[in-house]
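A.B. asks: Next come the chains, spelled out residue by residue.
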Amino acid sequence: MLITRIDRGLLARWWFTVDRALLSLVLLLMALGVLASMAASPPVAEHYGYDTFHFVSNQLVFMVPAVAVLFGASFLNITWVRRLSLLGYIGGCLLMVAALNFGPEIKGAHRWINVGPVNLQPSELVKPTFTLMAAWLLAERIRRPDMPGNWFAWGLYACFVTLLMLEPDFGQTVLITAVFGTMLLVSGISWKFTLCLFGAVVSGAVTAYYSLPHVASRIDRFISPDKGDTFQVDTAIQAFHNGGLYGTGPGGGLAKQILPDAHTDFIFAVVGEEFGLIACGGLVFLFGAVVLRVLARAIRETDPFIALALTGLVSIFGYQATINMMVNVSLLPAKGMTLPFISYGGSSLISMSITMGLILALARKRPDAMLPRGLTAQEVRA
Amino acid sequence: MTQPLMKGQKRLRLVMTLFLGCFVAIGVKLSTLAIYAPEPSAPARGEEVARIPRPAIVDRNGEVLATDIRIPALYADPRKIIDVDEAAELLTATLPELNSGEIRRKLNQKRAFVWLKRELTEKQRDLVHNLGIPGLYFRQEIKRIYPKGKLAAHVLGYTDVDSRGLAGIEKYLDGQGALFKASLAEPNAEKASPAQLSIDVRVQHALTDELNSAMALYKAVAAAGIVMDVHTGEVVAAVSLPDYSPNDPRDAQKPEYLNRFTGGAFELGSVVKAVTFAMALDAGTANLDTTYDVRFPISVGRSKIDDFHPERRTLTLPEVFTYSSNIGTVKMALDVGQKGHEAFLRKIGFYDKLRTEMPEAAGPILPQRFTRVSSMTVSFGHGISIEPMQFVAVAGGLINGGMMIEPTFLKRSAEDAAVFARPIISPETSEKMRYLFRLNATNGTGAKADVPGYRVGGKTGTAEKVVNGSYSGDARLNSYLAAFPMENPRYITLVLLDEPKPTPDSHGYATAGWNVVPTSGRLIARIAPILGIQPELTLAEQEKLAKEDAKEAERLALEEEKRAAAALQEASAVQGN
Chain A
5 MLITRIDRGL
15 LARWWFTVDR
25 ALLSLVLLLM
35 ALGVLASMAA
45 SPPVAEHYGY
55 DTFHFVSNQL
65 VFMVPAVAVL
75 FGASFLNITW
85 VRRLSLLGYI
95 GGCLLMVAAL
105 NFGPEIKGAH
115 RWINVGPVNL
125 QPSELVKPTF
135 TLMAAWLLAE
145 RIRRPDMPGN
155 WFAWGLYACF
165 VTLLMLEPDF
175 GQTVLITAVF
185 GTMLLVSGIS
195 WKFTLCLFGA
205 VVSGAVTAYY
215 SLPHVASRID
225 RFISPDKGDT
235 FQVDTAIQAF
245 HNGGLYGTGP
255 GGGLAKQILP
265 DAHTDFIFAV
275 VGEEFGLIAC
285 GGLVFLFGAV
295 VLRVLARAIR
305 ETDPFIALAL
315 TGLVSIFGYQ
325 ATINMMVNVS
335 LLPAKGMTLP
345 FISYGGSSLI
355 SMSITMGLIL
365 ALARKRPDAM
375 LPRGLTAQEV
385 RA
Chain B
41 MTQPLMKGQK
51 RLRLVMTLFL
61 GCFVAIGVKL
71 STLAIYAPEP
81 SAPARGEEVA
91 RIPRPAIVDR
101 NGEVLATDIR
111 IPALYADPRK
121 IIDVDEAAEL
131 LTATLPELNS
141 GEIRRKLNQK
151 RAFVWLKREL
161 TEKQRDLVHN
171 LGIPGLYFRQ
181 EIKRIYPKGK
191 LAAHVLGYTD
201 VDSRGLAGIE
211 KYLDGQGALF
221 KASLAEPNAE
231 KASPAQLSID
241 VRVQHALTDE
251 LNSAMALYKA
261 VAAAGIVMDV
271 HTGEVVAAVS
281 LPDYSPNDPR
291 DAQKPEYLNR
301 FTGGAFELGS
311 VVKAVTFAMA
321 LDAGTANLDT
331 TYDVRFPISV
341 GRSKIDDFHP
351 ERRTLTLPEV
361 FTYSSNIGTV
371 KMALDVGQKG
381 HEAFLRKIGF
391 YDKLRTEMPE
401 AAGPILPQRF
411 TRVSSMTVSF
421 GHGISIEPMQ
431 FVAVAGGLIN
441 GGMMIEPTFL
451 KRSAEDAAVF
461 ARPIISPETS
471 EKMRYLFRLN
481 ATNGTGAKAD
491 VPGYRVGGKT
501 GTAEKVVNGS
511 YSGDARLNSY
521 LAAFPMENPR
531 YITLVLLDEP
541 KPTPDSHGYA
551 TAGWNVVPTS
561 GRLIARIAPI
571 LGIQPELTLA
581 EQEKLAKEDA
591 KEAERLALEE
601 EKRAAAALQE
611 ASAVQGN
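So the protein lines, in turn, are chains A and B. Quick note, this note's numbering runs 4 ahead of the 1-based positions in the first sequence. Quick note, this note's numbering runs 40 ahead of the 1-based positions in the second sequence.
Just so you know, these hints were derived from the structure itself, not from any lab. The C-beta atom is built at its ideal place from N, Cα and C for all residues, glycine as well. You may find that some hints are simply not true.
To be verified - Okay, derived cross-link-like pairs now, DSS-like style, lysine-lysine, Cα gap no bigger than 25 angstroms in a straight line:
1. K294/B with K259/B
2. K393/B with K451/B
3. K188/B with K451/B
4. K393/B with K379/B
5. K150/B with K369/A
6. K47/B with K196/A
7. K505/B with K259/B
8. K111/A with K294/B
9. K157/B with K120/B
10. K190/B with K451/B
11. K541/B with K505/B
12. K69/B with K47/B
13. K69/B with K339/A
14. K294/B with K190/B
15. K111/A with K211/B
16. K211/B with K183/B
17. K379/B with K344/B
18. K259/B with K541/B
19. K541/B with K488/B
20. K369/A with K47/B
21. K50/B with K196/A
Claimed, not checked - Listing some non-contacts, in silico: residues in chain B with all C-beta distances to chain A over 12 angstroms:
22. E400
23. E576
24. E610
Chain A on its own, in the form it takes in the complex:
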């Protein structure tokens, strides 16, 4: 049965308004994620004494709710997006408090909460919902300047970041700060204020360097690799070289045998070794295409809330991808950040599906909602 434009059902309306190119890119990334997991995870699984395809089958099982969430979220209308994000933010923060108090301690941090057989990371749920709440509050400020929406947004940010630092989770703190900063910039804060904020972030980073020893050691190792252990990064660099243009072929890689995080943080290096520069370039292109396509859509958006929300949500995705890939190719110091949709991990997969589903929902075509190509809202008004 074909859907035609005469149909006015839920599905028909969705099919003709959703960004099908973006949806295809996301589904392609998810499929590639399973493929990469097949290449990278068997040695890790064997190392931990699991079944060879333990991580692959887990990833496939997580794929079912992930795809459901992706499509489900893309059906939401704007009102429901706001309602659910408010609920999600509050619920997520409460779960983070619960994780801090009752969650198991894994590698020195309380980030997880046990729900039956599954380990959940509540901060992954708070990331997209916080972004939406902040976008809404900043947009309200623009719509009604008498309402101090931006202060509420700052409050939500402070609350989330405090919880993250208590866990502690330095990487996510950096990520959320970058995302919030981007949204503030786009919401139109003055350049002077931007500079002040930038200064505050730099001094914050310096404080972290001097007060948190593990952060300091990571940065030291990046600046002077001859000191200390740069095993993972060195191995990753060797892997890219070993792979060359076409790669060693599936199963031919050596790096995955010795990298402890081959299936998560360093999966990009495994892909580089086994499938070569061409595949890595393809991945970079896919991530770039998703980010730039959504940002281009945000530029032409007339509703500030949607423009800001799209910016923030795609920033989560974009920053995470760029940070992970830059760590892999040694452009940034080692930081535990997963590659969206490609790295193994249920919480991160679901969170990214929620994020992309929300982007799809917000980016749906609405009458009178989009400006002609090549013009911004201001230019139209002028």
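Start from chain A and add chain B according to the hints.
C.D. replies: Same frame as chain A, but now just chain B:
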């Protein structure tokens, strides 16, 4: 346009440019990485030597307890193999255990690396090498092995796949730096000298064996034992059961595999009374002829302190020790006073965590506020939890002349030990303690451990275990502290059995005298000759031995006579010819 618009929206172009820049930078860096070889400064780890060598661990007599061995492993780069059929044929002819079909399949893959066979012998490696097949390579894999299996598992600890020590002496070696770094600097040379432990494998084996038998005989859930030299503080044997094999330490993390001699603090019960006696004797509030009225239980709040075997009369101090009277011990502590009691506990180190080489150290648990009631209960070993090793160290100090010596798992001379020694009681008090310990073995609960000739002395303890917050009637932790030879003790032993059950001949009892004491007896009978302790026999025993000797001499003389006669006969026969 009804909606107000954002003035910052144009800045999205800046954001886009930044992202584009990042993606381009990643692409460029990727290309350079793929084209140019990385700097050689990055060591080719995982290529030749898979793990870093660690120093060997040997016992006090040089017996190897842990060592690294190098095992050749065979791998292939199938792309470099010219004739797969020939290679497969030759390989399966040399190493018959290989499956020819699988080798063929592996060598036909377009890969750079396939494992063919790991853990080859040196001879097999030479044979394969001499086949001269291009594309076959060897990798030296280092394997940490513990040739004695489970023996001394908790002392040795174990390592992970990356050669890091995760428990016991192995972990201690990592923290020591020098020893371990010597091998880190020269990963291919085995320069580091072995770490020599104070453990004696013969004693360790005897202790493990006796504890295993005791666990089976008394159906205990766990057991632990310590043998320590009281003059040097050297731990000659330390066992915790159930034990695991460091070669396959999968069980080691489970709670029941806890290191019970330093990794756990336990309420040891009546053995702790020894501390109270030493305190009272040393403070001068009691003498060997002091008497205590133990006719009536002592009331403390709603509960009563009573004796396990009530005598209901007035006991002398040695009788209080041998009958293990709670009432008498409490009175003795009250005579010293709670301040003095607390000060003495501090002096012997019961408020500090004992530092040995073992990373697993539980640390003592004492009442937060040392009240009069605390003083009363602690005097007979309730409300105080200590790791058994710490208790043995203190008990050693009580009988060796009053010097507390920090125990060690590394070999140490008496002179080195003297540096660590600090006085806790006077030599005279120590003399009295030795008398009390010996008395308990000859006239008291420790009779079953009085091995003939070795003058054993000791003190029993039967502690009720705390189950769900209150003392349980039938789950016990039994202990027997013993030392020998008592007139000048050399070695102190502690045997712990967790929840022993009555045996058919124990009349329904499962108290210390019926299980840990006989176990200690069997242990001492076995280890005293190994440790070079001269037996001193009583007159009756000496006469019996002398009779046996005379009989043997008679038999030998008779044999000699016969042989001489036979030789004579033979000689005359030859002459006759």
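A.B. asks: All hints, please: hold or fail.
C.D. replies: Results of checking the hints against the structure:
1. K294/B with K259/B: 20 angstroms, holds
2. K393/B with K451/B: Given pair K393/B, K451/B holds - Cα atoms ~22 angstroms apart, limit 25 angstroms.
3. K188/B with K451/B: Judged against 25 angstroms, a Cα distance of about 19 angstroms means the pair holds.
4. K393/B with K379/B: With a Cα-Cα distance of about 21 angstroms, the restraint between K393/B and K379/B holds, given a limit of 25 angstroms.
5. K150/B with K369/A: 49 angstroms, violated
6. K47/B with K196/A: 15 angstroms, holds
7. K505/B with K259/B: 16 angstroms, holds
8. K111/A with K294/B: 19 angstroms, holds
9. K157/B with K120/B: Distance ~18 angstroms between K157/B and K120/B Cα, so the pair holds.
10. K190/B with K451/B: Within the cut-off at roughly 21 angstroms; holds.
11. K541/B with K505/B: 14 angstroms, holds
12. K69/B with K47/B: Given that 25 angstroms is the threshold and the Cα spacing comes to 36 angstroms, the pair is violated.
13. K69/B with K339/A: Between K69/B and K339/A the Cα gap is close to 18 angstroms, so the pair holds against 25 angstroms.
14. K294/B with K190/B: Cα-Cα ~16 angstroms, so holds.
15. K111/A with K211/B: 19 angstroms, holds
16. K211/B with K183/B: 17 angstroms, holds
17. K379/B with K344/B: Given pair K379/B, K344/B holds - Cα atoms ~23 angstroms apart, limit 25 angstroms.
18. K259/B with K541/B: Holds, at about 6 angstroms.
19. K541/B with K488/B: 18 angstroms, holds
20. K369/A with K47/B: Holds, at roughly 22 angstroms.
21. K50/B with K196/A: 17 angstroms, holds
22. E400: Nearest chain A Cβ is 19 angstroms from E400/B, so the label holds.
23. E576: 56 angstroms, holds
24. E610: 74 angstroms, holds
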